[in-house]
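K.L.:
Residue numbers (my numbering), protein chains in the order written: chain A, 1 to 270; chain B, 1 to 456.
Please keep in mind that the hints were generated in silico from the structure rather than gathered at the bench. Using N, Cα and C, we set each Cβ at its ideal position, and we do this for glycine too. Treat the hints with care, as some may be off.
What the hints assert, rightly or not - List time: in silico DSSO-like cross-link candidates among lysine-lysine, alpha-carbon distance up to 30 Å:
hint	chain 1	residue 1	chain 2	residue 2
1	A	184	A	158
2	A	184	B	266
3	A	158	B	397
4	B	407	B	397
To be verified - For the chain A half of the interface with chain B, some residues (derived, Cβ under 10 Å), not all of them:
hint	residue
5	12
6	122
7	158
8	162
9	169
10	171
11	173
12	176
13	177
14	184
15	185
16	238
17	240
18	241
Said to hold, decoys possible - Between beta-carbon pairs, the in silico distance windows are:
hint	chain 1	residue 1	chain 2	residue 2	range
19	B	179	A	261	46 to 54 Å
20	B	143	A	44	43 to 51 Å
21	A	33	B	419	34 to 42 Å
22	A	33	B	326	33 to 41 Å
23	B	134	A	255	36 to 44 Å
24	B	419	A	4	53 to 61 Å
25	B	384	A	33	40 to 48 Å
26	B	147	A	33	54 to 62 Å
27	A	33	B	106	55 to 63 Å
28	A	241	B	227	46 to 54 Å
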Amino acid sequence: MGDPLLLLIPGGGYLAAGATLTFRRAGHRPALWIAALVYASLATHIVLLVLRDYSEPTAFVASFREAAVSLSGLLVVAYLIVSRMLQGMGALGLVPAVAGLALVLVAPSLPAVPAPVPPILQSAWFLLHVPLCLLSHLMYAMAGCGAVMYLVVSGLLKARRPIALSGGLPSLESLDRFSHRMAKIGFPLLTAGLLAGMLWSYEVWGQVIPEAPKQVAAFASWGVYAAYFHARNARGTRGRFCAWMLVAGFTLALAGLLLPLVSGGPHRFI
Amino acid sequence: MILPAAVTGVKATPPWGDGGEVHGQVNISLVGVNHLTAGVAVRERVAIAPRDLPSCLLAAAACEGVGEALLLSTCNRSELYLVAANGCCAAGAAHVYSLVHQLSPEQLCGHTYTLQDAEAVAHMFKVAAGAESMVVGETEIMGQLRRAVEAARAAGTAGRVLSRLGDTALAVGKRARTETAVDRGCVSVASVAVRLALQVFDELASRRVLIVGAGELGALVARRMVDCGAGDVTITTRTLSRAEALAGDIGGRAVPFDRLVDELLKADIVVTSTGSSTPLVSVERVEAAAGRGRRRPTLLIDLAVPRDVDPAVRAIDDVYLYDLDDLQRLVQDVEGRRCCELPLVEAIAEEEARRFMLWAKSQQVTPLVLQLRRQADAIRAEEIGRLLATTPDLTGKTERAVHLMSKRLVRRLLQGPLERLRLLAAEGLSESDLSLIEELFTLPDEAEEEEEPTDG
Numbered sequence: 001m002g003d004p005l006l007l008l009i010p011g012g013g014y015l016a017a018g019a020t021l022t023f024r025r026a027g028h029r030p031a032l033w034i035a036a037l038v039y040a041s042l043a044t045h046i047v048l049l050v051l052r053d054y055s056e057p058t059a060f061v062a063s064f065r066e067a068a069v070s071l072s073g074l075l076v077v078a079y080l081i082v083s084r085m086l087q088g089m090g091a092l093g094l095v096p097a098v099a100g101l102a103l104v105l106v107a108p109s110l111p112a113v114p115a116p117v118p119p120i121l122q123s124a125w126f127l128l129h130v131p132l133c134l135l136s137h138l139m140y141a142m143a144g145c146g147a148v149m150y151l152v153v154s155g156l157l158k159a160r161r162p163i164a165l166s167g168g169l170p171s172l173e174s175l176d177r178f179s180h181r182m183a184k185i186g187f188p189l190l191t192a193g194l195l196a197g198m199l200w201s202y203e204v205w206g207q208v209i210p211e212a213p214k215q216v217a218a219f220a221s222w223g224v225y226a227a228y229f230h231a232r233n234a235r236g237t238r239g240r241f242c243a244w245m246l247v248a249g250f251t252l253a254l255a256g257l258l259l260p261l262v263s264g265g266p267h268r269f270i
Numbered sequence: 001m002i003l004p005a006a007v008t009g010v011k012a013t014p015p016w017g018d019g020g021e022v023h024g025q026v027n028i029s030l031v032g033v034n035h036l037t038a039g040v041a042v043r044e045r046v047a048i049a050p051r052d053l054p055s056c057l058l059a060a061a062a063c064e065g066v067g068e069a070l071l072l073s074t075c076n077r078s079e080l081y082l083v084a085a086n087g088c089c090a091a092g093a094a095h096v097y098s099l100v101h102q103l104s105p106e107q108l109c110g111h112t113y114t115l116q117d118a119e120a121v122a123h124m125f126k127v128a129a130g131a132e133s134m135v136v137g138e139t140e141i142m143g144q145l146r147r148a149v150e151a152a153r154a155a156g157t158a159g160r161v162l163s164r165l166g167d168t169a170l171a172v173g174k175r176a177r178t179e180t181a182v183d184r185g186c187v188s189v190a191s192v193a194v195r196l197a198l199q200v201f202d203e204l205a206s207r208r209v210l211i212v213g214a215g216e217l218g219a220l221v222a223r224r225m226v227d228c229g230a231g232d233v234t235i236t237t238r239t240l241s242r243a244e245a246l247a248g249d250i251g252g253r254a255v256p257f258d259r260l261v262d263e264l265l266k267a268d269i270v271v272t273s274t275g276s277s278t279p280l281v282s283v284e285r286v287e288a289a290a291g292r293g294r295r296r297p298t299l300l301i302d303l304a305v306p307r308d309v310d311p312a313v314r315a316i317d318d319v320y321l322y323d324l325d326d327l328q329r330l331v332q333d334v335e336g337r338r339c340c341e342l343p344l345v346e347a348i349a350e351e352e353a354r355r356f357m358l359w360a361k362s363q364q365v366t367p368l369v370l371q372l373r374r375q376a377d378a379i380r381a382e383e384i385g386r387l388l389a390t391t392p393d394l395t396g397k398t399e400r401a402v403h404l405m406s407k408r409l410v411r412r413l414l415q416g417p418l419e420r421l422r423l424l425a426a427e428g429l430s431e432s433d434l435s436l437i438e439e440l441f442t443l444p445d446e447a448e449e450e451e452e453p454t455d456g
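Just need the whole structure built from these sequences, with the hints factored in.
P.N.:
Put into C-alpha cells, the structure is as follows:
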C-alpha cells in the first residue's frame, strides 16, 4: 500500500470534497455528490489499508508512511461520525481536506519501509498505549481544524468582510463548541495514553520519561491542552485565544509524532 | 357607475363556457402597471382590494373576445393577464384594463406596459421568481400570486390556460429560488444585524443583548432580535421612561443609564443608537470588561451617527464592531449578489416560457387531434367487426393478433401527421389552416362532439 500513486485516489477525493465543502457557494447545502465522493474515497482508502502486508502486525506504527495512511483514514471515519452527531458541522470541510493532504503530500514523502520492527513493540502495553495516543491525536486533529476555522471566520468578521455572512460558514460559537468537545474527548485519552507510555517505558528502559524530543513535545502538548481547559473552565475565556491554544497544542502533538524521523533516542517509531 | 353585464347578472353563464375554453389560436396578453412605470398616485388607483377581485375578474372576462382573466394586484404592481381568441390585440387588452379599473385610457397612458404571448408568460414567471420585485428575490410575491390564481379560479375566469400558467409560474418561482441564490441573504439593516449576531453566536436565546439608546433604528434592531429568539434584552436610555416604553413594547428590561458600565460588562451583544456627540463606549470600558476574566466574543453594533463606540475598540481581540456604514455595505452587498443572479433567473423564466408556449399553442389542435384519433379508432373497430363477421372461424390467438395489428396500423398512420400538426401549431396556425385540416380529414362538425379533453 506504500505506492504514492495509489494514495492519490482517496487523497484526491478527500481534497476535492473538502475544498468544495469549505469554499462552496453561499447558502447552498452541501450536494449529495460530496458525501458520495467522501464515502467512495474512504472505500478505496480502506481497500488500500486492507491490502497491506500482515507479516509485521505492528508495522503501521514503525513505518511512518503506513502510520500516515492509517491515521488519515481514521480521521475521515471520525469526521463522518462526528458530522452525523453534530448537525451543522458537516460543513467543516477542512477535516477531509487535511486527510487528503496527508495522503497526497505527506505520506509519499515519509519513509515507507520500517526499520526492522523494534522488538520492544512486542508487548501488551502496545495495545494500550498506541490506540489511546492515536485516538487522542485524531480528536486533537479535529479540534485543530475547528480552531483554524474559528480563526478564519473570526478574522473575516473582524475585517467586516461580507463573505463572513454568506451563509456557508458555521458560527463562531458552534466552531468553538465543536473544538471544545473534540478536545474534551481527546484529553483523557491522551492522559491515559501518556501514563501507559510512561509505565511501559519504565518497564523497558527503566526510565519513566526517556529524554527524547518526542517525549518532550508530547508532554508539552499535554501541558498546552491542560492550560486550555484551565483557561476555559477557571477563567471563562472564550474566543481566539482558545483557538490559538488548540492550534498550538495540535502542532506540538503532530511534532511529537514526526520528531523521531529526525531525532535520535530510543523511541524511533511513530 | 356602469357595471359590466356579468356583474349585474344579466349574463348568467359566461360565454366562454365552464372550462374557459378558447378555440382556435390562444393569445395570452398582459397589461400592467408596476413601481417602475407608475408612481404611487397611479398605483393606488389601480390597486384592487381582495374583496373587489371577483367582480373585476368577471368584468374583464365579460369583455368581447376575452376567454380567461387573471388579476395580480399587490402594492407594487397590478397586472391583468388575459387569454383571448384570435384577433385580441394589445390595444384591446389595454382597453379591458382601463375598463376593469374604471379609468380612462388617457389616465393610464404612459404608465402601462403590454406584453404578448411568450413575453407575457416569461414576465409572469419572472414576477413569481421575485426578479421584478422592488426587493429582488422577496418571497411574498409567491403568496400573492397563489391567492390571485385561486381568486381567478373561484370566479371561474381562470380556464385551462391561465390555471396552468398560474401553477407553472408558482413552480418556476420555486425552481428559481432553489437553483439560484436570488433569495439568499438579508436585505435590511436590522436583518443584517441579526445575521451578524447569528454568525458569532449559535442562538440568541441565552445571550445578553444590551440596547443603548432608543433610536428608531436601534428599536427596530431590538425588535428583530426579539423576533429571532433573543430572550435577555436590557434597554437603557438617558430618560428611563423611554427605555421602559420600549422594554414594555418588545418584552425586555429597562435599567437606569448610570448602570451602563455594569451592563456592558455582562452583555454579549450591544446595540447603540444614542444621540450622544461623544463616544459612550470607549476602549477603556471594553478593555475593563475584557480584563475581568471575561475574554469572550462581543458583538458591538453602532447605529448612531455620530458614533457611540470608539472605532479603536476594533483592535481588541474578540470584539466585533460594526457601525452603520458597515451594515449598509453588507445590505448593498446582499442586494448586489441577488441582482447578479438575475440573468440566471431570466434564463429559467424564458426557458419555462418557451415550454409553456409550446403547450399553449398545441392546445388549439388538441380537439382536432382527439377527433382524428376517435375517427380512426371508429373506422378500425368497424373494419374489425366486418372481418369477424365474414370470417367466424378465427382462433382466439389470430383474433388478438389482428386486433393488435390494426391498432398498430392506426397508430403508425396517425403518428407522423399528428406530430407535425403539433409542431405546426407551435409555430402558429390560423383559423383557415385549421378548417383546411378539418376539411382534409372530412371530420364531422365539432359541435357534435360531446366529450371535451380535460388537459393536453
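K.L.:
Could you run down the list of hints and mark each one as holding or not?
P.N.:
Hint check results:
The hinted pair formed by residue 184(A) and residue 158(A) meets the criterion: a straight-line CA distance of about 28 Å does not exceed 30 Å. Among the hinted pairs, residue 184(A) with residue 266(B) is consistent with the structure: their alpha-carbon atoms are about 27 Å apart, no more than 30 Å. Restraint check for residue 158(A) and residue 397(B): the C-alpha separation of about 83 Å exceeds 30 Å, so the hint is violated. For the hint linking residue 407(B) to residue 397(B), the alpha-carbon distance of about 16 Å falls within 30 Å, and the restraint holds.
Annotation: interface hint on residue 12(A) violated; nearest CB of chain B at approximately 28 Å, more than 10 Å. The criterion of a C-beta within 10 Å of any C-beta in chain B is not met by residue 122(A), whose closest approach is roughly 49 Å, and the hint is violated. At a threshold of 10 Å, the smallest CB-CB gap from residue 158(A) to chain B is about 6 Å, leaving the interface hint in force. Checking residue 162(A) against chain B: minimum C-beta separation of about 4 Å stays under 10 Å; hint holds.
The beta carbon of residue 169(A) is positioned within 10 Å of a beta carbon in chain B (closest approach about 7 Å), and the interface hint is therefore held. Hint on residue 171(A) holds. Least Cβ distance to chain B is approximately 5 Å, under the 10 Å limit. About 4 Å separates the beta-carbon of residue 173(A) from the nearest beta-carbon of chain B, less than 10 Å, and the hint is met. The interface hint given for residue 176(A) holds, since its Cβ lies 8 Å from the closest Cβ of chain B, which is under the 10 Å cut-off.
Hint on residue 177(A) holds. Least Cβ distance to chain B is approximately 8 Å, under the 10 Å limit. Restraint check, residue 184(A) versus chain B: the minimum CB separation of about 18 Å is more than 10 Å; hint violated. Here the hint on residue 185(A) is broken, as its CB sits about 20 Å from the closest CB of chain B, past 10 Å. Given hint, residue 238(A) at the interface with chain B, holds; its Cβ is 4 Å from that chain's nearest Cβ, closer than 10 Å.
The beta carbon of residue 240(A) comes within 5 Å of a beta carbon in chain B, closer than 10 Å, and the hint placing it at the interface holds. Checking residue 241(A) against chain B by beta carbon gives a least distance of about 6 Å; that is within 10 Å, so the hint holds. For the hinted restraint 46 to 54 Å between residue 179(B) and residue 261(A), the CB-CB distance of approximately 50 Å keeps it satisfied. For the pair residue 143(B) and residue 44(A), the beta carbons lie near 49 Å from each other, so the given range of 43 to 51 Å is met.
Against the hinted window of 34 to 42 Å, the Cβ-Cβ separation of residue 33(A) and residue 419(B) comes to about 37 Å, which satisfies the hint. For the hinted restraint 33 to 41 Å between residue 33(A) and residue 326(B), the CB-CB distance of approximately 37 Å keeps it satisfied. For residue 134(B) paired with residue 255(A), a C-beta distance near 58 Å fails the hint of 36 to 44 Å. Between residue 419(B) and residue 4(A) the CB atoms are about 58 Å apart, so this pair conforms to the stated range of 53 to 61 Å.
The hinted range of 40 to 48 Å is not satisfied by residue 384(B) and residue 33(A), whose Cβ atoms lie roughly 54 Å apart. The hinted range of 54 to 62 Å is not satisfied by residue 147(B) and residue 33(A), whose Cβ atoms lie roughly 38 Å apart. Restraint check, residue 33(A) to residue 106(B): a C-beta distance of roughly 59 Å satisfies the suggested window 55 to 63 Å. Checking the proposed 46 to 54 Å range against residue 241(A) and residue 227(B) shows it is violated: the Cβ atoms sit about 33 Å from each other.
Hint compliance for this structure: hints 3, 5, 6, 14, 15, 23, 25, 26, 28 are broken, all remaining hints hold.
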